[in-house]
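J.: Residue-level listing of the chains:
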Amino acid sequence: MDFADLILVAFTILAQMSVGAFIIYNTMQTVFVKKYGMELLKISLDKLLFSIIILIAISIVISFFHLGNPFNAIYVLNNLSTSWLSREILFLLLFFCSVGIFSLLNRNNLVNRLVLSFIAWITAVIGILLIFSMSRVYMLLTIPTWETLLTPLSFFVTTILLGFLFSFGIVLSFKQEIEDNISTYHGTIFKKYSKYSAVIISMLVISGVVLNFMQSYKFILLQKYLEFENVSFLGGISWILQIRIVLAFSGLGLMIYTINKSMTKGFYSSKGKMYMVFILIFLSEVLGRIFFYSIYHRGGI
Amino acid sequence: MKKQYAFYFDSNNCSGCKTCQVACKDKNNLPVGVLWRRIYEVNGGDWIRSENTLVPQLVAYNISMSCNHCEDPICVKNCPTTALYKNKDGLVLIDENKCAGCRYCEWSCPYGSPQYDEEKGIMTKCDFCYDYLKDGKSPACVDACPMRVLDFGEFKELQKKYSGIRDINPLPSSQVTNPAIIIKPHRNVTGMKDIKVKVVNKEEV
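Going down the list, the protein sequences come from chains A and B. Here the numbering used here = 1-based position in the first sequence + 409. Here the numbering used here = 1-based position in the second sequence + 123.
Do not rely on the hints blindly, as some may be mistaken.
[Stated by the list, open to error] As a list, the in silico SDA-like pairs of lysine to any residue whose alpha-carbon atoms are at most 25 Å apart:
#, chain 1, residue 1, chain 2, residue 2
1, B, K325, A, N487
2, B, K321, A, V520
3, B, K319, A, L630
4, B, K221, A, N487
5, B, K243, A, N478
6, B, K243, A, V470
7, B, K321, A, R707
8, B, K141, A, G709
9, B, K200, A, K682
10, B, K243, A, V695
11, B, K325, A, L630
12, B, K200, A, L630
13, B, K321, A, L631
14, A, K682, A, V695
15, B, K243, A, K682
16, B, K321, A, Y605
[What the hints assert, rightly or not] Simulated coverage check for chain B against chain A, where a stretch passes if three residues somewhere in it have a Cβ under 8 Å from a Cβ of chain A:
#, stretch
17, 247 to 253
18, 282 to 291
Since the hints were derived computationally from the structure, they do not count as laboratory data. The beta-carbon is built from N, C-alpha and C at its ideal position, and this holds for glycine as well.
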């Protein structure tokens with residue numbers, strides 16, 4: 410694991426979190442604002458959209474640090490016909506532009522809701538294609554430890570999990586005004602969906618850890634078969650998994666406790682704890698990604 | 124029929140002196156850590172039962188390896204900038220003015236051929252001494268070899284000239300990239316396919 414790999418960790422995590430956050434944004438917009446008419450939430454959702462744009466912009470800037478010669482980055486879309494890396498960058502740029510256009514149209518009410526909704530779903534699909542091509546970049550025939558279905562699965566789990574938590578964090582940070590003015594009916598709906606979200610987040614956290622275990626199992630099997638050198642099973646990297654598990658389950662426990670408390674005391678008062686949940690699970694996912702890069706082993710000579 | 128240049132390597136007579144490696148480094152003025160041609164020292168073996176006795180069955184040989192200018196190069200397929208390309212003579216070359224230094228080709232190539240130049244921030248690789256070829260000369264590694272175990276030429280002609288194989292342990296299967304190389308295996312390798320071998324000079328290559 411060197412500096413270039415750490416850049417890739419930051420880039421993939423942030424890009425995936427932005428895609429996930431946009432999908433959650435879109436879902437919240439559809440469920441809370443359109444279906445139940447919770448117009449109050451719109452201010453928070455606008456802030457969320459703005460944060461997503463910042464997030465993608467940061468991930469694009471970070472990706473440049475990975476290049477030895479960033480001036481030649483202008484050529485990276487040259488090989489769309491065969492290179493998944495070219496496709497990944499194309500979808501990243503398309504996603505950024507699409508979120509930007511959507512945000513502009515949404516802010517200024519330039520088009521009707523139906524068109525806006527259509528653009529939002531198209532953007533979400535581009536985001537999913539971005540994550541798919543991102544995983545294909547790593548599924549190389551020459552790197553057997555990555556050439557597995559576990560790669561796209563773990564990428565999608567991170568996408569939705571961090572997207573969920575990031576969206577929650579942003580929405581909660583502006584929630585006082587909502588909590589003060591929200592009707593009892595909308596409050597009940599919000600609480601109901603918070604419970605559903607807690608179940609989904611729990612499942613995603615557990616899936617992420619399980620996928621890491623499956624990756625390490627494949628790594629060990631390949632290690633036996635290919636006789637990797639300079640590594641002995643998970644000897645040097647098992648600490649990453651151990652800390653990841655502690656962080657993931659601490660975050661999960663705190664989240665369940667906090668959401669439970671929020672049902673009676675309200676969400677705004679538990680804001681700090683929810684941020685802590687985000688930090689714990691975010692760090693856990695970062696370690697999961699560091700683990701992914703640590704099991705890199707190129708086949709051949 | 125497209126032209127395809129290729130290398131021939133005789134593992135049976137290679138002494139592992141690394142003159143080819145040095146000649147390549149010298150001709151191309153390569154920085155420390157970059158080796159377009161590398162000598163892999165391979166050995167392995169096991170005890171086998173012969174009637175009531177266990178006898179050692181050992182192999183030790185060298186592989187001189189540069190870019191194999193594969194017929195189906197993964198590096199070219201995966202390079203996002205098209206800096207890597209296959210020219211009319213079948214050589215896999217790199218356009219330094221296009222390479223962004225993403226190092227994706229390094230992940231892709233099972234022969235470790237594309238190598239990163241920290242100073243330039245781009246990938247570099249064996250160009251088959253293309254400038255020499257155009258002048259009617261041989262690649263530097265071929266001419267430098269004191270054991271005469273390296274040769275080059277048109278792939279089809281080399282196949283007619285030498286009997287050899289492309290699959291030798293611990294190289295990857297030739298079906299992955301279709302490498303343009305012919306290898307005469309070491310005499311002890313014949314019929315010992317199951318013997319496990321490994322590269323023992325990893326720190327050098």
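J.: Now tell me if each hint is right for this structure.
T.: Results for each hint:
At most 25 Å may separate the alpha-carbon atoms for a hinted pair to count; K325 (chain B) and N487 (chain A) exceed this at roughly 35 Å. In summary, the hint linking K321 (chain B) to V520 (chain A) is not supported, as the alpha carbons are separated by about 65 Å, beyond the 25 Å threshold. For the given pair, K319 (chain B) sits about 17 Å from L630 (chain A) by alpha-carbon distance, which is consistent with the 25 Å threshold. As the CA atoms of K221 (chain B) and N487 (chain A) are separated by approximately 10 Å, the hinted pair is consistent with the 25 Å bound.
Annotation: proposed proximity of K243 (chain B) to N478 (chain A) holds, straight-line Cα distance about 8 Å (limit 25 Å). For the given pair, K243 (chain B) sits about 21 Å from V470 (chain A) by alpha-carbon distance, which is consistent with the 25 Å threshold. Taking the CA atoms of K321 (chain B) and R707 (chain A), the gap is about 15 Å. The hint holds against a cut of 25 Å. Among the hinted pairs, K141 (chain B) with G709 (chain A) is consistent with the structure: their alpha-carbon atoms are about 21 Å apart, no more than 25 Å.
Of the pairs offered as hints, the one joining K200 (chain B) and K682 (chain A) is violated, with about 48 Å between alpha carbons and a cut-off of 25 Å exceeded. Only pairs whose Cα atoms come within 25 Å are accepted, and K243 (chain B) paired with V695 (chain A) is rejected, the gap being roughly 31 Å. As the CA atoms of K325 (chain B) and L630 (chain A) are separated by approximately 22 Å, the hinted pair is consistent with the 25 Å bound. Proximity of K200 (chain B) to L630 (chain A) is assessed by CA-CA distance (about 29 Å); at most 25 Å being required, the pair is judged violated.
Among the hinted pairs, K321 (chain B) with L631 (chain A) is consistent with the structure: their alpha-carbon atoms are about 15 Å apart, no more than 25 Å. Straight-line distance between C-alpha atoms of K682 (chain A) and V695 (chain A) comes to about 20 Å, which keeps the hinted pair within the 25 Å bound. For the hint pairing K243 (chain B) with K682 (chain A), the CA-to-CA distance comes to about 48 Å; that exceeds 25 Å, so the pair is violated. At roughly 53 Å between alpha-carbon atoms, K321 (chain B) and Y605 (chain A) are farther apart than 25 Å, so this suggested pair is violated.
Chain A is given as covering the stretch 247 to 253 of chain B, and this is violated because 0 residues of the stretch bring a CB closer than 8 Å to a CB of that chain, at least three being needed. Against chain A, the stretch 282 to 291 of chain B contributes 0 residues with a C-beta closer than 8 Å to a partner C-beta. That does not satisfy the three-residue criterion, and the hint is violated.
This entry does not satisfy hints 1, 2, 9, 10, 12, 15, 16, 17, 18, going by the numbered hints stated previously.
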